[in-house]
Structures are given as C-alpha cells and as structure tokens.
Amino acid sequence: MTEVPERPEVPGGPIRVLVVEDDPVAADAHVMYVGRVPGFVAVGKAHTGAEARRLLDRTPVDLLLLDLHLPDAHGLQLARSLRAAGYHADVIAVTSARDLTVVREGVSLGVVQYVLKPFTFATLRDRLVRYAEFRGAAGEASGQDEVDRALAALRAPTPAALPKGLSAPTLEQVTKAVREAPEGLTAAGVAETVGISRITARRYLEHLVEAGRAERKPLYGQVGRPELVYRWVKGAAGKGR
1 MTEVPERPEV PGGPIRVLVV EDDPVAADAH VMYVGRVPGF VAVGKAHTGA
51 EARRLLDRTP VDLLLLDLHL PDAHGLQLAR SLRAAGYHAD VIAVTSARDL
101 TVVREGVSLG VVQYVLKPFT FATLRDRLVR YAEFRGAAGE ASGQDEVDRA
151 LAALRAPTPA ALPKGLSAPT LEQVTKAVRE APEGLTAAGV AETVGISRIT
201 ARRYLEHLVE AGRAERKPLY GQVGRPELVY RWVKGAAGKG R
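Numbering (the numbering used here), first residue to last: 1 to 241.
I should point out that these hints are in silico values taken from the structure, not numbers from a laboratory.
Note that CB positions come from ideal geometry on N, CA and C, so glycine has one too.
Please note that a few of the clues may not be correct.
[As the list claims (entries may be wrong)] Below, computed lysine-lysine pairings styled on DSSO-like, alpha-carbon distance capped at 30 Å:
(1) 176 <-> 45
(2) 217 <-> 117
(3) 117 <-> 45
(4) 164 <-> 176
(5) 164 <-> 217
(6) 117 <-> 176
(7) 217 <-> 176
(8) 117 <-> 164
[Said to hold, decoys possible] The calculated label-pair distances, taken between Cβ atoms and stated as ranges, are:
(9) 85 <-> 171: 36 to 42 Å
(10) 217 <-> 36: 21 to 27 Å
(11) 169 <-> 212: 32 to 38 Å
(12) 165 <-> 83: 43 to 49 Å
Could you build all of it, start to finish, from the sequences and the hints given here?
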C-alpha cells in the first residue's frame with residue numbers, strides 16, 4: 001500500500017483543495033472558483049482517478065472537489081479506495097446524477113456535500129463557506145444544540161426561488177438546449193427545441209444570462225432588427241452527463 005504523507009496542521013491556514021474533473025475546461029473553472037473563495041486554495045487538478053492518487057501521494061489535501069464520472073473510475077469507487085488506503089480528505093461531489101442511492105452511499109465515504117451540475121460560482125462558494133464553518137468547529141460541545149448547529153453548517157438553506165413564472169424542469173431543458181448548440185440558439189430556436197413559446201424561451205434565456213451562464217449577441221445580416229443569439233459561456237461550471 002502506498003504510504004500516505006502526513007498532513008501537517010496549519011492553524012489558520014487555507015483549506016487545500018484538489019479538483020478532480022475529467023473535462024479540462026470545467027476543471028480550470030473549478031480551480032478558478034476555489035481560488036476566489038477566501039480561506040481556500042486549489043493545490044492541483046486531476047483528470048482521472050489515477051492522476052488524483054498520484055497527486056495525493058505527494059500533496060497534502062484537505063478537500064476533494066470530485067467529479068463522479070471519471071474516465072477510469074466512478075467517483076465513489078475512487079473515494080472508497082482512498083478511504084481504504086488511509087486518505088482522510090473530505091469530499092464535495094460534483095455531478096449531474098440525481099440518484100439518491102448514490103447520495104446515501106457517498107455519505108459513508110466522506111462525501112460532505114453534493115453540487116449538481118450545472119452550477120454557478122455562488123453555489124460552490126456557499127458550499128465551501130459552509131464546509132469551512134463545519135471544519136472550524138472544535139472543542140467539546142456543551143450539548144445537543146451545539147452538535148446540531150455544527151452539523152447544520154453543512155446543510156444548504158432552501159434554494160432561492162426562481163423568478164416568478166419560471167420552473168426548474170423547463171430551465172433544465174433550456175440549459176441543455178443551449179449547451180448542446182456550440183453556435184448558439186435564438187429564442188425561436190430554443191422554443192422549437194424545448195416546445196415552449198418564443199416569449200417564454202426568452203425569459204429563461206435572459207435568466208441564464210443574468211446568472212452568468214449564457215451570453216447573448218446580436219445576429220446581423222438580416223432585414224430589420226437583428227435577432228439575439230444565446231451561447232453557453234465557455235468554462236461555466238459543470239457539464240451535462
């Protein structure tokens with residue numbers, strides 16, 4: 001068995017994060033996101049489970065930002081093998097999978113949070129801040145309430161409601177349509193793909209623009225007012241799986 005390097009405690013030091021993500025663009029985005037959260041530092045990135053193991057052998061890591069769909073192993077298989085080998089880094093799983101069986105299995109393997117793709121910087125920042133609060137709890141609890149508060153730090157608040165008239169399932173369909181169109185789509189194109197009205201499509205597209213996940217540009221060369229084309233922002237966190 002590979003000897004696990006001791007992880008020196010750094011009082012007040014940053015939480016060291018290893019990004020494990022097979023998509024290079026998404027990996028770079030995740031590294032950038034981690035670097036923007038005070039108290040965290042990305043110490044490396046790996047695109048496969050094997051590469052993650054090699055990095056862990058030589059780099060102290062506190063937290064894995066772990067994609068569950070790797071080319072050489074499922075993320076939970078990697079987490080299980082790391083536990084068996086004596087690695088104790090916590091895990092925030094990054095996935096588009098919504099199988100609650102997988103969620104339950106992950107809890108026993110040190111998965112402290114799940115982040116569903118696609119996500120924004122604000123979502124990841126919230127999870128990291130909550131993890132830091134949980135990690136910072138120390139000493140002896142005075143009672144059940146204090147234990148409950150420590151555990152509650154990991155739980156995200158009720159998600160912010162979508163703007164009135166928008167629904168999560170339709171937003172997911174619009175997101176998928178835009179992501180799968182490298183050249184971009186107009187509101188009319190999204191409407192036809194998803195099966196909604198053009199006006200409704202534009203509302204969802206504008207929501208993606210406001211969230212920083214899509215951009216819009218005018219399409220010139222036609223008679224009259226130019227149409228707007230919406231494209232997924234390259235490097236926006238997460239990818240459809």
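For each hint, the structure was consulted:
With a CA separation close to 26 Å, the supplied pair residue 176 and residue 45 stays within the 30 Å bound. For the hint pairing residue 217 with residue 117, the CA-to-CA distance comes to about 25 Å; that is within 30 Å, so the pair holds. Distance hint between residue 117 and residue 45 is fulfilled; the C-alpha atoms sit about 18 Å from each other, no more than 30 Å. Annotation: proposed proximity of residue 164 to residue 176 holds, straight-line Cα distance about 21 Å (limit 30 Å).
A hinted pair counts as satisfied when its Cα atoms are at most 30 Å apart, and residue 164 with residue 217 qualifies at roughly 25 Å. Taking the CA atoms of residue 117 and residue 176, the gap is about 11 Å. The hint holds against a cut of 30 Å. A C-alpha spacing of about 19 Å is found between residue 217 and residue 176, which places the hinted pair at or below 30 Å, so the restraint holds. At roughly 22 Å between alpha-carbon atoms, residue 117 and residue 164 fall within 30 Å of each other, so this suggested pair holds.
Evaluation of the 36 to 42 Å hint for residue 85 and residue 171 yields a pass: the beta carbon distance comes to about 40 Å. Take residue 217 and residue 36: their Cβ atoms lie about 26 Å apart, and the range 21 to 27 Å holds. Taking 32 to 38 Å as the suggested C-beta distance range, the pair residue 169 and residue 212 does not conform, at roughly 21 Å. Checking the proposed 43 to 49 Å range against residue 165 and residue 83 shows it holds: the Cβ atoms sit about 45 Å from each other.
Hint 11 from the earlier list is the only one contradicted by this structure; the remaining hints agree with it.
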